[in-house]
Amino acid sequence: MNKIWLVTMREYLTRVKNKTFILTTLLTPLGLLVFFVAVGFVMSTGSDTVKVINVTDASNLLEKKLDSRDNLSFVFTDESVATLKGKYKDGGFDGILEVIPLKDSLAKSFTVNYHSDDQLAMDENFAIQSAISDKIRDFKLKKLNLDEATLKSIDTDVTIQPFTILKDKKISSITTIVSSAIGAIVGYAMFFIILVYGSQVMRSVMEEKINRIVEVLISSLKPFELMMGKVLGVGLVGLTQIGIWMILMPLILFIATSLLGIDAANMDGINTGNLPTEELMMSSNGKIAQVLAEIQGMNWYLILPLTLFYFIAGYFAYAALFAAVGSAVGEDINEAQSLTLPIMMPLMFAFYIGISAMNAPDSTLAVWSSMIPLFSSIVMPVRLPFDPPWWQIVISVVSLVLFTIALVWLAGRIYRVGILMYGKKASFKELAKWVFYKE
Amino acid sequence: MNVLSLRNVVKAYHSHIAVNDVSFDVKAGTIFGLLGPNGAGKTSLIRIITTITGADSGEVLLNGEPLNHLHPNEIGYMPEERGLYKKMKVGEQLLYLAQLKGLTEKEAKIKLKTWMVKFDIMNWWDKKVGDLSKGMSQKIQFIATVIHDPKLLILDEPFSGLDPINANLIKDEIYQLKEKGTSILFSTHRMEQVEEICEDIVLINQGKILLYGNVDTIKNDFKEHLFSIKYEGDLPSVTDHLGFSVLEKRPNEVTIKVTEGVSSNQILKTLIDTNISILGFNEILPSLNEIFIKKVEQSNE
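Note that the protein sequences, when read in sequence, are chains A and B.
Position 339 (the first sequence) corresponds to 338 in numbering that gives the first Met the number 0; numbering is contiguous.
Position 221 (the second sequence) corresponds to 220 in numbering that gives the first Met the number 0; numbering is contiguous.
Mixed in with the good hints, there may be bad ones.
Straight-line alpha carbon distances no greater than 30 Å define the calculated DSS-like cross-link-like pairs of lysine-lysine that follow [what the hints assert, rightly or not]:
(1) B:105 <-> A:18
(2) A:2 <-> B:268
(3) A:16 <-> B:218
(4) B:108 <-> B:85
(5) B:26 <-> A:221
(6) B:268 <-> B:218
(7) B:218 <-> A:2
Computed spacing ranges between beta-carbons, pair by pair [stated by the list, open to error]:
(8) B:178 <-> A:307: 32 to 40 Å
(9) B:191 <-> A:341: 50 to 58 Å
(10) A:12 <-> B:109: 17 to 25 Å
(11) A:341 <-> B:0: 30 to 38 Å
(12) A:1 <-> B:127: 21 to 29 Å
(13) B:178 <-> A:341: 28 to 36 Å
(14) A:429 <-> B:191: 34 to 42 Å
(15) A:38 <-> B:159: 57 to 65 Å
(16) A:239 <-> B:127: 17 to 25 Å
(17) B:109 <-> A:307: 57 to 65 Å
(18) B:109 <-> A:184: 45 to 53 Å
(19) B:108 <-> A:248: 39 to 47 Å
(20) A:250 <-> B:108: 33 to 41 Å
(21) A:428 <-> B:298: 46 to 54 Å
FYI, nobody ran anything at the bench for these hints, they're computed from the structure.
Using N, Cα and C, we set each Cβ at its ideal position, and we do this for glycine too.
The shape of chain A in the complex, shown without the other chains (with noise of 0.2 Å):
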């Protein structure tokens, strides 16, 4: 027990003394930020020259007024056609839009012409579409006589409020919606945490048997003691970044936005990429209290402590088998790929559920593949937050502690023969061999 305490500080002590870790450690949360804000910045801006256009209308459907947007600036002109495209070399405009009578007032569709050497971008050429349709739709609801007020009232937002039967709890409207965010969070936290953190393991373990220093390590401690300390102490490591993080992630957002002066619906519109229209924004305002109060809501005395404990069983499963991979690997690197397969797949397997499971969290698949182990550590993380059945947990939990137990003995079977195994990596023949071989 003691010497595995003393493999676990060594792998926990040099990682986390080991400069790329404490610079990925601190400047992840800031790379980030600066990721959301440079792609925020990226998105807010489009082509940087103004383009002048030319629009001839004979028919003043336009009433000489087009609001010019997004770099483009409109002149209106009563010169024809023929006479603009003559000027089209050096009378100072870069295009000529020919808005065509409109012969049904009513029509569902409608041309208007563009003559230009230059292409019009995506976005100038979406500009002019919504604009001239805005007046198009002045124009027809004048035809009408229809005013905006009343066609207004047309839509109507419907909203579904839930009410419990038998169960005593309290839902509103967004908690699907909550829950789903919470359960997505989880979801991709606990899989890029065991992939990457166990990947680490194996990285470890094929390090030391091709350094040699394995061999003089097992004359001191037993294999299994050595796996066992390197998977914890990995897995500290992980715990470690995690926790920096979830401290640095909301200071510097903090500091980046007391400083920089971004208010919140300014990072709103950088999350939701380019769509904050106004309403968007009012609804999303008028909702972080309701968020905020479902958040509060949820049992989180479960999901916390049940979180944290599918973190950790589904870390030493899958670190394990990792690390049985690792000592089966000869000196190349790249052999490891074809032996990480098995292990990759039902992770990616379980992510995907999981991501299925956020939509349907109750679905025969999402319930089942909860209470599967090496499924359940991704999926019912997921699911926790939509309060699924007692029993359920109970399952998952027991079968998940039992099957990681399991495993990592068989790890360390695989383990302690593959170690001293030098030359050609192993095939999965020879793995199930050394299962059973003898002390």
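Take the given structure of chain A and dock chain B to it, following the hints.
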């Protein structure tokens, strides 16, 4: 008193038998040679003694007790394939390895300082092993093997890759450890080293013991009654009636084989009576190398 005793140890790996009914004793405070060609089963034997693997049958006793989980702390093992963490600093690494052998951090620090001062390498403490030369890291490996004062030291080809100066340094350390009462199991296929430093040897091939015993006794057992004589004058051309035959003749020196039943004193007496003057008279004992090759070739036939 035997520090290590093997009794009928057998170890098989699925298809072949690596160690086949091996028994021998290592006396406390001696240097013992474990010899054999490549693939003879030396490493398998060592792995059993170091508790890395277990024997299929038979018994291994350390200080009279069957091997248990505390014994690794009393054994120091330097494998043939040396290995250290390349990215770890010398000091940290040796402290870690010493603690794995059961020393407390404090004990380990004191011991480590003594060794590093002794080898005059205190300034390597914060160097990474990967930045050291091969000879330098061999010294580190040696310290890692002996830092916990093992009762039994197992060295697998300890001099391979060492230049003569460093080899002598390690050799001196081995002798000093022996003086302090450490028993040393020395595995090699380099016979001249064995002859020089080992008292007892065991020779194994294909998992079986071919020879086992005291080095001098073994050499005596394999002697072929050869002598070399240095002289001045004319040696008689026919010598059979004098009790020996000439095998090789060089100017003023001959190698002779003494007829069975004739003692070396008798030969000397006869030669003194002839009119040559004798300058030297030595028995030629077979080298361990010759015995080794002979025995291994016999057993492979």
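Hint-by-hint comparison with the structure:
Annotation: proposed proximity of residue 105 of chain B to residue 18 of chain A holds, straight-line Cα distance about 28 Å (limit 30 Å). A distance of roughly 70 Å separates the Cα atoms of residue 2 of chain A and residue 268 of chain B; the hinted pair therefore is violated under the 30 Å criterion. About 57 Å separates the Cα atoms of residue 16 of chain A and residue 218 of chain B, which puts this hinted pair outside 30 Å; it is violated. Between the alpha carbons of residue 108 of chain B and residue 85 of chain B the distance comes to roughly 21 Å, so the proposed pair stays at or under 30 Å and holds.
In summary, the hint linking residue 26 of chain B to residue 221 of chain A is supported, as the alpha carbons are separated by about 28 Å, within the 30 Å threshold. A C-alpha spacing of about 26 Å is found between residue 268 of chain B and residue 218 of chain B, which places the hinted pair at or below 30 Å, so the restraint holds. Restraint check for residue 218 of chain B and residue 2 of chain A: the C-alpha separation of about 46 Å exceeds 30 Å, so the hint is violated. Distance hint check: the CB atoms of residue 178 of chain B and residue 307 of chain A are about 57 Å apart, inconsistent with the given range 32 to 40 Å.
For residue 191 of chain B and residue 341 of chain A, the Cβ-Cβ distance of about 51 Å falls inside the hinted range of 50 to 58 Å, so the restraint holds. Roughly 21 Å separates the CB atoms of residue 12 of chain A and residue 109 of chain B, a value that falls within the hinted 17 to 25 Å. Checked against the hint of 30 to 38 Å, the pair residue 341 of chain A and residue 0 of chain B fails, with Cβ atoms roughly 53 Å apart. Under the hint 21 to 29 Å, the C-beta atoms of residue 1 of chain A and residue 127 of chain B, about 27 Å apart, fit the expected range.
Evaluation of the 28 to 36 Å hint for residue 178 of chain B and residue 341 of chain A yields a failure: the beta carbon distance comes to about 56 Å. At about 40 Å, the beta-carbon gap between residue 429 of chain A and residue 191 of chain B stays in the expected band of 34 to 42 Å. Take residue 38 of chain A and residue 159 of chain B: their Cβ atoms lie about 59 Å apart, and the range 57 to 65 Å holds. The hinted window of 17 to 25 Å between residue 239 of chain A and residue 127 of chain B holds, with their beta carbons roughly 23 Å apart.
Distance hint check for residue 109 of chain B and residue 307 of chain A: the Cβ-Cβ separation is about 42 Å, which falls outside the suggested range of 57 to 65 Å. Between residue 109 of chain B and residue 184 of chain A, the C-beta spacing of about 51 Å keeps the proposed range 45 to 53 Å intact. Distance hint check: the CB atoms of residue 108 of chain B and residue 248 of chain A are about 40 Å apart, consistent with the given range 39 to 47 Å. Remark: the range hint 33 to 41 Å for residue 250 of chain A to residue 108 of chain B is upheld by a beta-carbon distance near 39 Å.
At about 34 Å, the CB distance of residue 428 of chain A to residue 298 of chain B disagrees with the hint of 46 to 54 Å.
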